[in-house]
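Trainee: Given chain R, put chain D in place with the hints provided.
Number of protein chains: 2
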Amino acid sequence: MAAVPSYTVVEGGTIITPRGFRAAGLHCGLKKTERNDIGAIVCEVPAAAAAVYTTNIFQAAPLQTTRESLHNGRLRAIIVNSGNANACTGKQGDADAYEMRALAAESFGVEAEDVAVASTGVIGENLKMDCVRDGIARLAGALTDETDGGEQFSQAILTTDLVKKELCVTLRIDGQPVTIAGAAKGSGMIHPNMATMLAFMTTDAKVGSEALRKLLKRTTDGTFNMITVDGDTSTNDMLVVMASGLSGQKTELDEHHPDWAAFAEAFAAVCEHLAKSIARDGEGATKLVEVVVSGAESSESARAIAKTVIGSSLVKTAVYGADANWGRIIAAVGRAGVPVNPHTVDIKLGDIDVLASSQPVPFDEDLALEYLKGDTVRISVELHMGEEQATAWGCDLTYDYVRINAAYRT
Amino acid sequence: MAAVPSYTVVEGGTIITPRGFRAAGLHCGLKKTERNDIGAIVCEVPAAAAAVYTTNIFQAAPLQTTRESLHNGRLRAIIVNSGNANACTGKQGDADAYEMRALAAESFGVEAEDVAVASTGVIGENLKMDCVRDGIARLAGALTDETDGGEQFSQAILTTDLVKKELCVTLRIDGQPVTIAGAAKGSGMIHPNMATMLAFMTTDAKVGSEALRKLLKRTTDGTFNMITVDGDTSTNDMLVVMASGLSGQKTELDEHHPDWAAFAEAFAAVCEHLAKSIARDGEGATKLVEVVVSGAESSESARAIAKTVIGSSLVKTAVYGADANWGRIIAAVGRAGVPVNPHTVDIKLGDIDVLASSQPVPFDEDLALEYLKGDTVRISVELHMGEEQATAWGCDLTYDYVRINAAYRT
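Chain order of the listed sequences is R and D.
Numbered according to my numbering, the first sequence terminates at residue 410, and the numbering increases by one at each position without gaps.
Numbered according to my numbering, the second sequence terminates at residue 410, and the numbering increases by one at each position without gaps.
Derived by calculation from the structure, the hints in this document are not laboratory data.
Treat the hints loosely; a few may be bogus.
As the list makes no split between identical chains, a pair holds if one copy fits it or if it spans any two.
As the list claims (entries may be wrong) - Pairs of lysine-lysine, DSSO-like flavour, derived with a Cα cap of 30 angstroms:
{"id": "1", "residue 1": "LYS287", "residue 2": "LYS164"}
{"id": "2", "residue 1": "LYS128", "residue 2": "LYS348"}
{"id": "3", "residue 1": "LYS128", "residue 2": "LYS31"}
{"id": "4", "residue 1": "LYS373", "residue 2": "LYS31"}
{"id": "5", "residue 1": "LYS31", "residue 2": "LYS348"}
{"id": "6", "residue 1": "LYS128", "residue 2": "LYS164"}
{"id": "7", "residue 1": "LYS91", "residue 2": "LYS348"}
{"id": "8", "residue 1": "LYS32", "residue 2": "LYS348"}
{"id": "9", "residue 1": "LYS32", "residue 2": "LYS373"}
{"id": "10", "residue 1": "LYS91", "residue 2": "LYS31"}
{"id": "11", "residue 1": "LYS287", "residue 2": "LYS348"}
{"id": "12", "residue 1": "LYS164", "residue 2": "LYS217"}
{"id": "13", "residue 1": "LYS287", "residue 2": "LYS217"}
In isolation and in its complexed conformation, chain R is listed as follows:
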């Protein structure tokens, strides 16, 4: 990233801050408590759109429906529920996803083929369609371009999440202000491969769907696909972006546009923020863990090592216990399945050297303890084999992760 970012953060911005979008969220009965469990984003014009999906073989029903809607790179609306993933629900599940799409289209006054559907929650139970029908009918009246609409939507996509994940940034394209916003949910079953649990982005940039699709793919590889909470890739991961084109910019953005790099940087900033927010708010997490692998022979190697270290249960429990147990880090590096020179590895915890040229470095345990007690822990691994690097984000493994997941359905 450049020293001076291309964008500025819009404080209080939400998914409907970019021009052309309305949103809403409310409770329809899919969650047992009174929290929001259904939401929608609607664009007033056909938006250029792109999505990435989980690589899990058992893809939930809504993903197929959304894929169909996106075949022409265009969307008008997204309907999403939480509390039930509509995954492994058989033919009834497929029918329910299509019905959600049809109902949303009718209620919001758009074509069914322009509606994306997303679900998150328990796997293997059919949706209570009475609740869904009631919810969608009420959403139509609640849609608003006021900030509250974006906030209600962000609440509606959460499950075991403790906090909302959202970011809105603005930059200039052709001299015109352009806004990019995103909202995501995460928490558990988080080990994205192509996308995260659920994330939605909006922008008023004028950008073609093909350019948007390529940018989305490249950006998710370095952001959403580099986080893990528990190594479990969900059946429902989906990230959808819609671009209304209503910013007022003169020319359409693509790779040849002079402001493309600035746009890509701002776009990546939103993705990275959402991805890190998901990692920090992983189920039971008390802190964000960042693993930076540098000096790798290839970016694939760097990514493989970063993801192995961030996913290690032993590293995660050591971080939870503020224990500078770097032996677990080097053990994870050594089992990543990629070539590593066993004699040239340096490891740092924050700024504290603990391993140099694969040999232990005496360090101040009190200082390390102090650092590891913080709310963000950075582990740096320098391989001294090449120039490539990668960063992965995750969280610690705590009693609360076990508590939450030992009785999720009950």
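Mentor: Quick look at chain D alone, frame taken from chain R:
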């Protein structure tokens, strides 16, 4: 396995029950408490020997030493310490492993090139060699072929293990009784790839080292390499087997011997018992989990799926909570990285059908709860794609796993 096993279990048998072996174990100061932390097995004749080692790139110093000793397929002794892994300890660590080997050779009256060295415990700290020297000197006087020697040895290899893992079986070869015994340690950083944390086997069978090596490789692939506690492959995994040849059998065992299949079956039974014991006694575990994948296109696919399900944190926490959350099982099947037909999968918890042809099956939740509260949980996954199958073993993920590992060094 045959309906009637080729072998019978020797109750109370230990690693020195096979003819020709003595063993000992005692406390020398590497562990903070008074538990045994150094042990040895000595064979009265040169034993045919074989070993498998971790695939972790950062192999601990003793593994290199042991590899050297095993170049001719022969051993007289094994020296092993717990409390310190002598891993990532640089040149001093290499020197210490060689010194352990030399001291053991001198004390036990054998050649240094006939001694294997193994260590387990904390990574990245140099061995307290004063303790090791004292321990080896005292071991020489403690070696015995009485049962107590085997028991003391089994204690000496444990770290966070709660129980000893050992099994002794006997069968007839050429009409003569032949005995096979094994002892192992496990607990954490258990996700073997080529061998487990530490396991030792003895037999008085007359068998060549090449036949032994092949049998060991094949057997570990289906036993030790199919267990996981936390997905973390250790730097110290090693399994060593010694065959004294003192059973009195007339002809040497190899693949063409009429009793080879019986020997291989008994050998596998010891390996499987030790592997399952390690899984059941995983750090914090309250139960053994067994995942059987059948109907796969290839044994590689079956193994990949079984290992993904057994390693899933979400499956492990659900089992801990006795929650019949099969959605997590199917999600794990779908992210194993091998082809699966998304429409033909059956899943059972014990004998309870929960998924048939990838569709939910209504089941009695109380019955499932009762089953999942037991001390052994079997998850069966039938793919309906072919004839191959695989079984993996692991344990649940509990508060105690977090507690143990959040403060391992302190």
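Trainee: Now, for every hint given, state plainly whether the structure supports it.
Mentor: Hint check results:
Taking identical chains as interchangeable, the C-alpha atoms of LYS287 and LYS164 lie at most 30 angstroms apart only when both belong to the same chain, with a minimum of 16 angstroms there against 36 angstroms between chains. In this homomeric assembly, LYS128 and LYS348 come within 30 angstroms of each other (Cα to Cα) only across copies, at 26 angstroms, whereas the closest approach inside a single copy is 50 angstroms. In this assembly of identical chains, the alpha carbons of LYS128 and LYS31 lie at most 30 angstroms apart only when taken from the same copy (10 angstroms versus 57 angstroms across copies). Taking CA atoms no more than 30 angstroms apart as the test, LYS373 paired with LYS31 passes between copies only; the shortest distance there is 27 angstroms, against 35 angstroms inside one copy.
With identical chains, the CA atoms of LYS31 and LYS348 are at most 30 angstroms apart between copies only, with a shortest distance of 28 angstroms across copies and 43 angstroms within one. With identical chains, the CA atoms of LYS128 and LYS164 are at most 30 angstroms apart within one copy only, with a shortest distance of 25 angstroms there and 51 angstroms across copies. Proximity of LYS91 to LYS348 under the C-alpha cut-off of 30 angstroms is restricted to the inter-copy arrangement: shortest distance 21 angstroms between copies versus 52 angstroms within a copy. For the homomeric pair LYS32 and LYS348, the shortest alpha-carbon distance between copies (28 angstroms) is at most 30 angstroms, but the shortest distance inside one copy (45 angstroms) is not.
Taking the shortest Cα distances, LYS32 and LYS373 sit within 30 angstroms of each other only across copies (26 angstroms), while inside one copy they are farther apart (35 angstroms). Within a single copy, LYS91 and LYS31 get their C-alpha atoms as close as 23 angstroms, which meets the 30 angstroms cut-off; across copies the closest is 59 angstroms, which misses it. When the C-alpha separation of LYS287 and LYS348 is checked against a cutoff of 30 angstroms, the pair qualifies only within one copy, where the shortest distance is 18 angstroms, while the shortest distance between copies is 37 angstroms. For a Cα distance limit of 30 angstroms, the shortest separation of LYS164 from LYS217 inside one copy, 24 angstroms, qualifies, whereas the shortest one across copies, 51 angstroms, does not.
For the homomeric pair LYS287 and LYS217, the shortest alpha-carbon distance inside one copy (28 angstroms) is at most 30 angstroms, but the shortest distance between copies (42 angstroms) is not.
When held up to the earlier numbered hints, the structure conflicts with none and fits them all.
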